[in-house]
Amino acid sequence: MNRTVDIVGVGWSGFGSITPDLSYKEMIFQAATRAYADAGIDPRNDAQGFVTAAEDYHEGTSIFDEYTPDQLGAVLRPMHTITGDGLHALAAAYMNIASGLMNVVVVEAHSKASNILTLDHITAFAEDPTFERPLAINPVALAGLEMQRGLDAGRYTVEQCAQVVVKNKNNALANPAAAYAAAIGKKPVLEAQPLATPLTRLMAASHADGAIVFVLADSDTAKRFKGKPVRVRGIGWANDTPALDSREWLDAKYARKAAEMAYRVAQIRHPRGEIDFAEVDDTFAYKELQHLEALQLTEPGQAGALTEQGATERAGALPVNPSGGGLGVGSLLDANGLARALEVVLQLRGEAGARQLHKANTGLAFAWRGLPTTSGAAVVLSN
Amino acid sequence: MSLLNNLEHPTDARIWRGDLPVYHRYTAGVAGEKFLRALKDQGAVYGTRCPTCGYVYVPARLYCERDATHLDDSTWAPVGPAGALVSFSAVWVDLDGKRLDAPQWVGLVRLKGASSVLMHYLQTPTGALHAGMTVQAVLKPANERVGSITDIAYFKPL
Ligand SMILES: [Zn+2]
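Sequence lines, in order, name chains A and B.
Using the numbering used here, read the first sequence as starting at 35 and increasing by one per residue.
Using the numbering used here, read the second sequence as starting at 3 and increasing by one per residue.
Below, simulated DSSO-like cross-link-like pairs (lysine-lysine); rule was C-alpha separation at most 27 Å, straight line:
| # | chain 1 | residue 1 | chain 2 | residue 2 |
| --- | --- | --- | --- | --- |
| 1 | B | 114 | B | 142 |
| 2 | B | 42 | B | 114 |
| 3 | B | 100 | A | 220 |
| 4 | B | 100 | A | 221 |
| 5 | B | 114 | A | 287 |
| 6 | B | 158 | B | 142 |
| 7 | B | 36 | B | 142 |
| 8 | A | 393 | A | 257 |
| 9 | B | 142 | B | 42 |
Simulated from the structure, these hints should not be mistaken for lab results.
Make the full structure from the sequences, and use the hints.
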């Protein structure tokens with residue numbers, strides 16, 4: 035790649051379980067205004083392109099990409115929307131800049147989950163209409179089935195999954211933006227109502243509202259802005275099959291492939307030695323453990339034990355989800371990946387406040403697009 | 003910046019309700035049609051075996067997702083009706099998010115002869131379930147079958 039790419043500004047609005055005052059456009063405007071101030075740019079004069087991530091059914095609006103320019107300052111500018119995670123949008127912005135097509139690109143994703151009245155129906159509607167949807171099962175069943183498969187294969191224990199919840203909700207106590215922080219122990223997690231056995235209610239991230247905006251620039255242009263640049267060293271993405279019948283039910287192959295690509299671009303040969311900390315999708319507690327192994331940050335089958343030993347806590351050898359993750363911050367639908375990357379940026383800039391890590395030079399953010407997908411994206415960032 | 007500055011009470015916040023009646027038809031496809039007809043008319047579950055990689059797809063497909071091989075009529079073969087339970091879950095919420103009085107049991111079943119798994123209902127177990135145990139497809143009576151994956155009523159442990 036000829037040009038290096040930096041994140042030069044970040045802004046967010048939220049996160050909360052509800053946002054009765056702000057429309058989604060106003061939330062995005064708030065996040066964008068903060069990101070532009072953070073970078074020290076005027077979006078109308080300095081930004082050449084805009085990329086957003088959104089899904090029509092989540093928005094309750096058809097052809098939703100038409101509704102994204104105005105609140106970003108992107109009217110009459112090149113812009114497009116990706117139906118994927120925010121990290122997919124980040125990847126598109128990265129390519130626009132790395133290729134030399136543009137110098138400054140804005141990325142946005144958001145969640146107004148509190149406005150969605152039939153989210154489980156929408157998720158079920160994403161299943162195959164001929165062979166999967168006729169069963170009319172709540173799609174959380176897929177998480178229960180996958181978690182049970184991992185238990186049977188000896189990848190982790192239920193207690194280790196509960197410890198992920200304990201860690202992330204406690205981490206979130208130090209994150210003022212987190213919607214679901216709690217000083218909680220393992221017992222209430224294990225004894226919470228079952229959703230789809232062995233998964234309990236507290237092992238699944240609750241939804242939150244919020245918007246996140248990043249400003250990216252090539253490294254030469256970045257020098258002109260006031261923001262502390264964070265280098266996008268590598269980015270990658272991959273999908274497994276959409277079919278429930280032929281997908282991998284044990285290992286997160288989509289995560290392995292996405293990370294392999296990101297590590298290759300970043301020229302990282304030994305992820306365990308070169309990644310200081312990670313923000314990793316934990317939409318369901320077992321997913322954090324499954325993803326850590328697929329991302330080559332732990333040995334196969336070791337992520338649970340390491341979690342129990344405290345290695346993934348903020349003071350551990352490999353801090354994972356110091357922000358609180360999805361379990362502590364809240365699940366932000368299409369913005370989950372940007373939420374993970376946001377924490378990596380703040381840690382690398384030394385601006386994570388009470389949750390600042392001692393060693394934060396290189397961090398990984400990994401997003402999974404959620405049920406029923408096998409879609410993953412990873413980004414490696416360095417200061 | 004927050005509009006809360008302008009709202010005297012949270013219930014002053016306005017919302018609009020909107021809905022959309024969404025109706026589609028979905029073409030089962032050449033392979034899907036044949037698979038569902040066999041299920042309805044013969045009470046048989048068919049898979050297609052990829053001649054290139056050997057993977058057996060259930061439900062049967064027209065192509066292999068691993069190597070893009072066309073799976074023609076010669077690749078069709080019946081599978082099951084017994085198979086191995088690969089995973090299982092008791093689901094306690096319905097599609098509206100409402101808690102169920104009794105859970106809906108679901109499983110992943112690798113039918114005998116199949117490489118893939120089939121997600122389907124499990125009979126409410128009387129004993130402990132475990133991965134690898136043998137389960138068998140229970141079909142609806144012929145006169146109740148309509149050519150749907152739900153023509154399989156459920157899987158029961160043997
Ligand atoms: Zn094949």
